Structures are given as C-alpha cells and as structure tokens.
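2 protein chains.
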Amino acid sequence: MVREDSFIGIDLGGTQLRVAAIDAAGRILDRRAAPVDRAGGVRAVIGQMEALIAKVRRPDTAVVGIGVPGAFDPGQGLVLDIPALAGWTAIPLATEIEARTGLPTVLENDAKVAALGEWRFGAGRGIADFAYLTISTGIGGAFVVGDRLVRGFRGLAGEVGHTRITDRSAPCSCGHEGCWEAVASGTALARAARMAVDRQPRSRLAALAGEAPATGEDVTRAAREGCPVALTLLREEAAWLAAGLVNVQHAFSPERVVLGGGVSQALDLMLADIREAMRRRLLPGHEVPDIASSKLGDDAGLIGAAVHAKESR
Amino acid sequence: MVREDSFIGIDLGGTQLRVAAIDAAGRILDRRAAPVDRAGGVRAVIGQMEALIAKVRRPDTAVVGIGVPGAFDPGQGLVLDIPALAGWTAIPLATEIEARTGLPTVLENDAKVAALGEWRFGAGRGIADFAYLTISTGIGGAFVVGDRLVRGFRGLAGEVGHTRITDRSAPCSCGHEGCWEAVASGTALARAARMAVDRQPRSRLAALAGEAPATGEDVTRAAREGCPVALTLLREEAAWLAAGLVNVQHAFSPERVVLGGGVSQALDLMLADIREAMRRRLLPGHEVPDIASSKLGDDAGLIGAAVHAKESR
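Going down the list, the protein sequences come from chains A and B.
For the numbering used here, add 43 to where a residue sits in the first sequence, where the first one is 1.
For the numbering used here, add 43 to where a residue sits in the second sequence, where the first one is 1.
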C-alpha cells in the first residue's frame, strides 16, 4: 500500500484564521477556524496557528503551507508586511511555525495559492494557460502559463488589479487612481450602489439595503428580483470587468479564466455582457476564453496553501 | 573536436526580408537581405526565402526559424495572417521551406523571437524574469518569467500594446481607442510632433522636419539640440511609457525591461522621468526594474529566430 501523506494549508485573513489538512487528492481531512486575535498581535496569531495545526495534524502530515495576504520573502520564510494586520513587519513566520511544530513550512502569496488550489483541484483543472482572479474588496490575480505558476521577480507578478485602465478619478486602495480595482472591484460596485440608492430611494435595491449602506450582495439579490437599478449597476460592472479581462487576455492569453470573490456570485447575470464586450475588443486571433466561477469558493486559498506545501517538498 | 552546428534565422518584415546563419554562441556567420517582393505575392516571397537560405546555409546548418509578424499555428507551421503583407492567409510556410531546403523549419511570433535573441545574447542575458518591448510603429511585447518564454494559449500572450490604459479617444492600429500603443508608440509620438510643429513653426523641431511631416526621429534629434518643444514631447512620451511600464511591472514583475524600436533611441533622454513616474506609482514591495536599451537592435528578431530554431530541435 502506498503511504499517503497529508498536508496542512493555512489561510490567514484580516478577520479569520483557517487551517486544514488535505490529502494528496485535495480532499479536506480536517479543518478548524478562529477569529484572528488582532488585539493580541503577531505573537498571539502565531500561537493560534500552532494550536490549530495541532488539532488538524496527523501522523503522516509532511509540511505546512501558508497563504500570505501581503509581501513576503519566500527564500527566508519572512513576512515583510500585511496591510490588513498591524505589526506583521519582518516576521520570520516559517521559522517560527517550524520551531513550534517540527514541520517544514513554506509561504506563498494568497492569490497565488488560491489559483494553485483551483488549478489542481477546482475550476482550472488540467488547463495549461489559466487565469485566476478574485473580485472582492480588491482585485487579486494569479496566472498559470505553460503549466507553471507565474511568479515573476521576487514573486510579485499578478497584481493586475493595480494596472491603470481609465483616466477617471476613481480612488483605489493603493492610494492612486484609475486602477482596474478602482472601477471593477466589489468596493467599486458597492460605491456605485450607494449612489444609486440615493438617486432611486424607491427601488428594490434601496429596500433590500434598508438603513445600512447598500453592498455588492444587495445589488446581486435585487438584480435577481428584476430590479432595473440593480441590473444597470451589473451592466456597468460587467463592462469594467470585460475591459480588464481583455487586458488580461492580451497580456497572458489564458484558455480559461476563473473568477472568485463576492462579485463572482453575480457572474451568471453578467456573463453574456462580459463575453460580448470582450468579443468586440479582442485582437484578431484571440477568442473569448472560458469564463467560470471558482469551484472551491472560499476554500481555494486554504486548499491551495496545502497544495503549495505539497508541491514545495 | 565538438561539432558546432549553425542555425538560420529569418526576419520577415513588411518591407525587408533578412536571413542570417548564426553559430551556437549567437554570432552571425553570414547574412543577406532583400526588399520583400510585395508585387510577386506569397509565392515570390517564399522563393526569396529559399534563395537567401541557399546563400547563408552551411554544411552544418541544422534548422531554420522564422519570426512571423502576425498570427500563426506553431504546431502546423501555418501562417494564418500577416496584417502588413497581403495574401498571407493559411500558408503552410514551414512545410514549404522544409520541402525546398530539406531543413526542419519552425515558426514563432516576431516579438517573441526578438525577446529570445535579447535574452540569450543581448541585454536580457542571464535574467530569469525579463520583459522585452518594442516601441516603434506599434508596441510589441514578449516576456520571460522564471526562465521561460511566456507563450500562453495559442502562443498569443504578450500583446501589452493593446491593453487599455486611458479613456482618451486616441485611435489605435487595432481599430479601438485608449490602448497603450495608441498613446505611447512611435506613431503617437509622431502625431504629437506634427501638432507641435503646427503650433510652434519656428521651433528647432519644425526646422529639422522641414517640408516633411515631423517624425519621432526628428523629436529625438531636436531634443538633443535642446529644443524645448521636443523636450516637452519627450516628457509626455516618458509619462505614457511609464504608465504602461507600471502595468507591465504589476502584471509580470520583470527584474529587467529591455526596450527596442525607434523610440528606444531616446531612452537616455527619458529614463530619469520614466523611473521617477514609475517609482511614484508602483505598489509597496515593487521596485523600478532595470530599464535598458536593446543590445542587438534591429538584429534582435533575426538572431532570435535562429535561437528559436536552435532551441526547438
């Protein structure tokens, strides 16, 4: 009988810390989660990781992979900066986890591990040229070209959310304007939704939002109920998504594009518009790629971190 | 003594056909050129290729590589379309050259072979993450990531000239507007130069252009003579180049960027502006890459086509 090792993946988010053990076929064997101890700081969060690893770890666990939502040095296993979490500056995270667990530990960018998860066990399976994009608070990207994950110098490739696409003075999380993320992210959709609610207080969208500021989720729900205000917002969102996807297509030429993140839950409502807008703008020779929703959903990064660990051995 | 094979590269342009034999160290052993027989059509040009190959070929010539300025099918060795040359639709070019010369023949995109030439024997030597961009009539690109040329699905990756960057109604060769090429190519610079000459008929730039419409070359020459009109044009060109280079950096994260094409001859005049504009806009963690001029110049595609042949064996 072949010995089947297991692998631990860690998804470190701004609010949730999630840890899972997966087998070589990408199945989750066990999983645990905890709210990130933000008040406790770096020491406390590393302690949380240690405790959750102890719970999911098995005798055959071989290695730990961590998806880092920020800058890191893969060679040194060093977290350089996590914008969403205070204090994570020059933290030797891999060494710390290795010392506490005895398990080899590797770091990778959070978008890249999510792409890896979808590529190996999700909606990108078997595709040699593949793009993964999360459309949520921001826009993150990671690319597989010729059956290899595109890392680039210092592992920094894939930041297509911060490519300039427009002259609009749309503020972006990076502090600049005109980025794709600034006009096509969930944050941009929610901003447009709040303005639409102000203009159309009797719309179904306004009713669903109620007293709270309208969200991207409200837009999707209202659109499914036929609200014309919400449908217009999704048409505009589809146009901006298509503009950026054309840029992605010309730069990387993926055969398939997989979309994750909250906004991708409205993909079925936007897909025809996206495809038509891309078709009009793509260069001769280029075709509209397959466009699919994430199959692993919120688990893409968790599973992908473990896949990265497995493939780093 | 080790037998050293030689390799033939063909650079098929809209006006010039160039053929060279190189050795394994990238040295040109022999080279020939002829004006493309546009009137004679496809048959005539294939005959020209055959004749020039016969002149540069050596007993040890192993394989022929052709850089295609258009769409092609590498597996079938089929040219699908060359926008700059009429009649090149579904032409089995590789088979034709093989039948006429007895030499195995491979096709690759012209920007990709130029990048390959610079990567192996030019300004990109030894760089694992490397971007090559030609800034001339249009903007072409090709990328090496993790020591591999980025081809993408159907070999179509790298068309960063046709990524949308602005809302300006700047007409692009692709028939759309707002592409990087539409605002930063040599064509865009020449268009701006002609408008500047109309506004400033007493400028040094106007004097250099004389009766003819001003060109990008005129701008560079006038700028070197201190003409303020030309210097302003180059500052604007630098700003658009920087905007696109930031997009390239965020998407591919090259360690070095090599610029070829006519506009790159003014790189020394623009480099400080480009670097400063990139520095202001790059994400934390990203640094301004090395930016260098092409070392092989006009021969990048010719040498690179032979390198592609060599590496395809």
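I should point out that these hints are in silico values taken from the structure, not numbers from a laboratory.
One thing to keep in mind: the hints can contain errors.
[Claimed, not checked] Here are some chain B residues the structure puts well away from chain A; computed CB gaps all over 12 Å:
| # | residue |
| --- | --- |
| 1 | 56 |
| 2 | 57 |
| 3 | 77 |
| 4 | 149 |
| 5 | 189 |
| 6 | 210 |
| 7 | 278 |
| 8 | 329 |
| 9 | 341 |
[Stated by the list, open to error] A partial selection of chain B residues facing chain A, derived with a Cβ cut-off under 8 Å:
| # | residue |
| --- | --- |
| 10 | 114 |
| 11 | 118 |
| 12 | 188 |
| 13 | 199 |
| 14 | 209 |
| 15 | 212 |
| 16 | 289 |
| 17 | 295 |
| 18 | 327 |
Note that this is a predicted model, so its numbers are computed, not measured.
For glycine and all other residues, C-beta sits at the position ideal for the given N, C-alpha and C.
#### Entry: Index of numbered hints that the structure contradicts, given in increasing order
Of the numbered hints given earlier, those the structure breaks are 5, 6, 8, 11 and 15, listed in rising order.
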